[in-house]
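From just these sequences and the hints, can you work out the full model?
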Amino acid sequence: MTNEIKVALAILLSAVAIFFGVRFLSGQSLFGGGYEVVAIFDDAQGLTPGALVRLNGVRVGDVRAVDLGPGARQVFVTMAIDGGVEIPRGSTIQTAGLSALGEVNVEITPPVGADAGRPLVAGDTLRATSTPDIFDLIAGESNSLTARADTALIGAVNTFTTLDEILQNSGGDIQAVLSQLRFLTQGATQLIIDERSRIDRTIGSLEAAAANASAVSDRVGRNVEDLSITVGNDVVATSGTVRTLAETNADSVTAAVNNLSSALRRADGQLQQLTALTATLTALTADLDSTLNSPNGTMGLLLNDPTLYYNANAAAAALQQILQDLQADPGRYLGELDGVVKVF
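Using the numbering used here, read the sequence shown as starting at 1497 and increasing by one per residue.
Honestly, the hints are just simulated from the structure, not real lab data.
Here are the simulated distance ranges between beta carbons:
hint, residue 1, residue 2, range
1, Gln1817, Asp1714, 46 to 54 Å
2, Arg1585, Arg1555, 15 to 23 Å
3, Glu1532, Leu1508, 26 to 34 Å
4, Asn1755, Asp1783, 37 to 45 Å
5, Leu1822, Asp1785, 43 to 51 Å
Computed from a prediction, not measured in an experiment: that's the story for all the values here.
Quick reminder that beta carbons are idealized off the backbone N, C-alpha and C, glycines included.
The following block contains the structure:
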């Protein structure tokens, strides 16, 4: 055998080996026998030639070509199906995987029972269903949750601001009334004793309202902190799970997405509790404002009715006049005291 024949045989065998090797590495049948069908997509979601075609999760072929249709409004995907695999008409065809990782495949789901038609044959064309990208769904749900959280937190801040303004505006008046009553209690008149009793009841009501406001404030703070920790931990943990699963097996990302959806739903429940708590705090603020401004309540009378203030000033002036008269002419009062002693 001459060297030329040996070289020719070596080249021929190499070409055959390369041909079968390429078909084997690309997942194609080594000896043919398959058939091609065309699926029409509105959006190919990053699908490329060589991607897998799976029927109920089992590989049955691969993508041969991805071409734009007339006007670039549709995408024609040519799929090579292995010989012996029958795909019934009426099957659902859609993309699956993560386009960001370049792992986009074609998933075929056959119809159930009587809905199944005769098998597809070479050259058949069928309509595919476009599915949104998983990361787009996550981004949309996260944006919605962030907007609701911002609304709830802004409502809580506005409520606290209103409560602080009410307490600051009425604090000076309350302090002035208490100072005047403290001066009048040094006397021995029954009027001062009665008014002091009313003030004690008013202070008790105010302290109870302040305690309720403080408790509500603490609950809001704890809920906001728990919400931040829960959402942060769940998002970090789920993001790490998504990244790990996407690197090892793109098909397992669906489980991580479900975990993230559960975390978002729990966060939504926390936000609903925060909204309800904000409504309770708003009602408490309105009740406190109504109590302070009502002309029928004890606090409203103290803040809005000047009669107590005028009576207190009159009593103080009368007491001051008696003290001045006693200092100016003590003999007159001592003489009257002697008369009283003689009577007894």
